[in-house]
Amino acid sequence: MKNSKIKVATTRQSRLREMFRRDGAWPWLVNRTEPAVDVSHQVLLYIESLSVSFDGFKALNDLSLYINDGELRCLIGANGAGKTTLMDVITGKTSPDSGLVYFGQTLDLLGRSEAEIAQLGIGRKFQKPSVFEAQTVYANLELAIQSEKNILPTLVARFSPEQIDRIDQVLEVINLKDRGFMMAGALSHGQKQWLEIGMLLVANPRLLLIDEPVAGMTAQEAEQTAELLVSLAGEHTVIVVEHDMEFVRRIAKTVTVLHQGSVLAEGSMQEIQENPDVIRVYLGEEQ
Amino acid sequence: MKDASLFAQQFTALHTVRTKAPLFLGILFTATIYAAVCNLYVAEDSVLYVSTYTITLLGKYLCYALLALSVDIVWGYCGILSLGHGAFFALGGYAMGMYLMRQIGDRGVYGNPDLPDFMVFLNWQELPWYWSGFDQFWFAALMVVLVPAVLAFVFGWLAFRSRVAGVYLAIMTQALTYALMLAFFRNEMGFGGNNGLTDFKDLLGYNLLSDNTRVSLFVISAIVLALAYVCSQLIMGSKFGRVIVGIRDAEDRLRFLGYRTDYYKVALFVYSALLAGIAGALYVPQVGIINPGEYSPLNSIEIVIWVAIGGRGTLYGAVIGALLVNYAKTKFTAILPEVWLFALGALFVAVTIFLPNGIVGLFKRTSLNDGHDLGEQP
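Just so you know, the protein sequences line up as chains A and B, in that order. The first sequence begins at 1 in the numbering used here and counts up one residue at a time. The second sequence begins at 1 in the numbering used here and counts up one residue at a time.
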């Protein structure tokens with residue numbers, strides 16, 4: 001008892017001494033720069049025992065998931081398995097009841113706003129294509145490009161040649177080269193999906209979260225999307241949520257199956273298809 | 001590459017102003033100079049003579065046009081439906097009114113050199129603290145922009161940070177202006193109760209009743225409107241403006257791209273309130289009175305109707321709407337005063353159904369809102 005009191009006193013003292021050290025600056029005076037994403041253990045995204053409940057319904061239930069740097073991971077699962085909720089937690093839209101989400105080894109994502117998380121290099125594509133319909137394709141990409149996103153810099157923002165080149169490249173990649181002048185609202189559904197993917201690309205994020213990329217696409221467009229996503233992996237890390245099993249089979253190296261808010265199985269498509277649990281709860285319904 | 005630089009050129013704010021300002025400014029200044037000259041230098045019995053009454057009326061319209069412009073900035077471009085912009089207008093007006101009150105000096109009915117008439121009438125012995133400084137024009141001018149801006153900042157900060165939007169926000173802005181109206185109606189507030197502030201004599205030493213002063217105020221209103229127009233076009237033509245339109249159409253998308261959209265909305269709301277305050281300050285010396293009626297919710301709704309009728313998201317549409325509707329109002333209320341509100345309502349309904357892009361929507365084919373119905377914006 002007495003011992004612990006002394007301990008408290010000494011820690012207080014040492015803290016005070018720490019304050020007056022002359023070989024350093026006080027932490028609140030140091031210009032805080034975010035540490036770079038640390039992937040020395042190959043893992044880019046750590047999700048540990050994450051739980052979220054809405055009015056008693058457990059959308060995520062003690063979910064743990066690790067995504068390696070440069071990986072392309074597919075998430076599948078029935079409706080209500082928690083795929084979108086998981087994306088919401090990673091991107092800062094929903095705050096979980098308990099659990100950890102780390103980007104690299106050092107960056108805690110919980111408690112940050114959507115905008116902060118986006119600026120750390122996490123891009124998200126929504127299920128329903130979400131583009132700025134009343135603006136041109138070019139303006140859409142301009143808004144998405146990596147730049148200062150505070151008010152004053154945007155008031156005086158001008159294009160740099162690098163940015164123009166970057167937008168040009170992306171327009172090429174997403175096959176909208178000749179539609180730069182067009183209002184985004186006038187694009188077809190599939191083209192909007194591509195534009196939104198382009199908006200992610202132009203920002204050059206470390207991690208891409210892509211929710212149902214091929215919904216509403218023709219077979220040919222889906223084929224191109226698959227090629228694009230596969231080519232992105234390596235340089236970027238990609239997490240794809242998709243219902244279309246054919247599509248998942250084509251792109252996936254590792255698949256994670258979610259069921260009732262937690263991970264049911266993880267492995268190659270082959271392993272997943274042979275997993276008895278998965279067959280019972282998910283694939284069984286399809287085959 | 002060649003294409004891209006062409007695009008880039010189009011994306012500079014200056015380009016927007018170059019394409020959108022000359023016609024507007026040309027018409028505005030031609031009309032202003034014409035009216036001013038015809039009032040001051042043409043004989044009264046000439047056909048070309050413009051009466052001082054008309055000049056004051058036009059000056060009033062220009063203030064309304066500036067007010068409509070400020071609403072268009074938040075509503076047309078950012079989708080924030082504010083039904084309380086009359087509050088910012090009236091606050092700017094009151095700040096100017098307080099200065100004009102202090103200028104009266106001992107020329108009031110009671111001849112008290114320190115207290116405005118209504119305070120003498122209420123048996124007050126000394127000037128309330130918040131009236132101090134208003135005998136200085138610079139101070140009053142500062143308050144004209146500062147008070148609406150601070151109120152807009154506090155209100156916007158609270159509302160936009162907790163992501164209040166759409167109808168809820170509209171109702172809150174109504175409540176804001178209604179609360180201010182009730183407060184200003186009370187005599188204890190020290191703003192003249194339901195009579196408001198009136199009986200003004202002069203502004204910076206110039207007699208408010210003289211033709212020269214009236215024409216000057218009218219010309220100044222036109223210049224301020226022109227400045228506000230150019231400034232707003234510059235802002236809306238910049239990347240900031242495209243972020244604002246993005247907020248209107250897909251706010252979530254912008255958040256996940258890394259923009260703090262709440263900060264953007266607060267900034268825009270403050271800018272808009274500031275313009276509304278300036279409009280109020282120009283309005284008061286021309287009409288000669290400011291009273292709590294300016295805070296009435298109906299007034300604020302009327303502003304929104306001007307913008308809807310003129311056309312949203314173009315700035316000049318708001319100006320045209322304000323001028324036309326107010327001209328119609330002047331004519332109508334002279335002939336059939338009790339029918340006016342019904343006519344206005346009918347006009348609003350008709351425009352909403354048949355002209356979703358307002359009157360200017362009839363003439364322009366390509367614009368920011370082309371092929372895009374703003375009516376569905378929550």
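None of these hints come from the bench; they were simulated from the model. Please read all numbers here as calculations on a predicted model, not as lab measurements. We treat Cβ as the ideally placed atom computed from N, Cα and C, and that holds for glycine. Check the hints yourself; a few may be wrong.
Ranges of calculated distance between the beta carbons of each label pair, as one might list FRET restraints [claimed, not checked]: (1) B:Leu158 - A:Ser98: 25 to 35 angstroms; (2) A:Leu155 - B:Arg161: 47 to 57 angstroms; (3) B:Leu142 - A:Leu110: 14 to 24 angstroms; (4) B:Arg161 - A:Val30: 21 to 31 angstroms; (5) A:Leu110 - B:Phe342: 22 to 32 angstroms; (6) A:Asp178 - B:Asp252: 53 to 63 angstroms; (7) B:Gln136 - A:Leu155: 27 to 37 angstroms; (8) A:Gln105 - B:Leu158: 17 to 27 angstroms; (9) A:Asn150 - B:Tyr130: 57 to 67 angstroms.
Pairs of lysine to aspartate or glutamate residues, derived as DMTMM-like cross-links and limited to a Cα-Cα distance of at most 25 angstroms, are as follows [unchecked claim]: (10) B:Lys20 - A:Glu133; (11) A:Lys93 - B:Asp199; (12) A:Lys93 - B:Asp262; (13) A:Lys128 - B:Asp262.
Against the structure, the hints:
no. : hint                                    : result
1   : B:Leu158 - A:Ser98: 25 to 35 angstroms  : holds (30 angstroms)
2   : A:Leu155 - B:Arg161: 47 to 57 angstroms : violated (21 angstroms)
3   : B:Leu142 - A:Leu110: 14 to 24 angstroms : violated (44 angstroms)
4   : B:Arg161 - A:Val30: 21 to 31 angstroms  : holds (27 angstroms)
5   : A:Leu110 - B:Phe342: 22 to 32 angstroms : violated (56 angstroms)
6   : A:Asp178 - B:Asp252: 53 to 63 angstroms : violated (29 angstroms)
7   : B:Gln136 - A:Leu155: 27 to 37 angstroms : holds (32 angstroms)
8   : A:Gln105 - B:Leu158: 17 to 27 angstroms : violated (38 angstroms)
9   : A:Asn150 - B:Tyr130: 57 to 67 angstroms : violated (35 angstroms)
10  : B:Lys20 - A:Glu133                      : holds (22 angstroms)
11  : A:Lys93 - B:Asp199                      : violated (56 angstroms)
12  : A:Lys93 - B:Asp262                      : holds (14 angstroms)
13  : A:Lys128 - B:Asp262                     : holds (23 angstroms)
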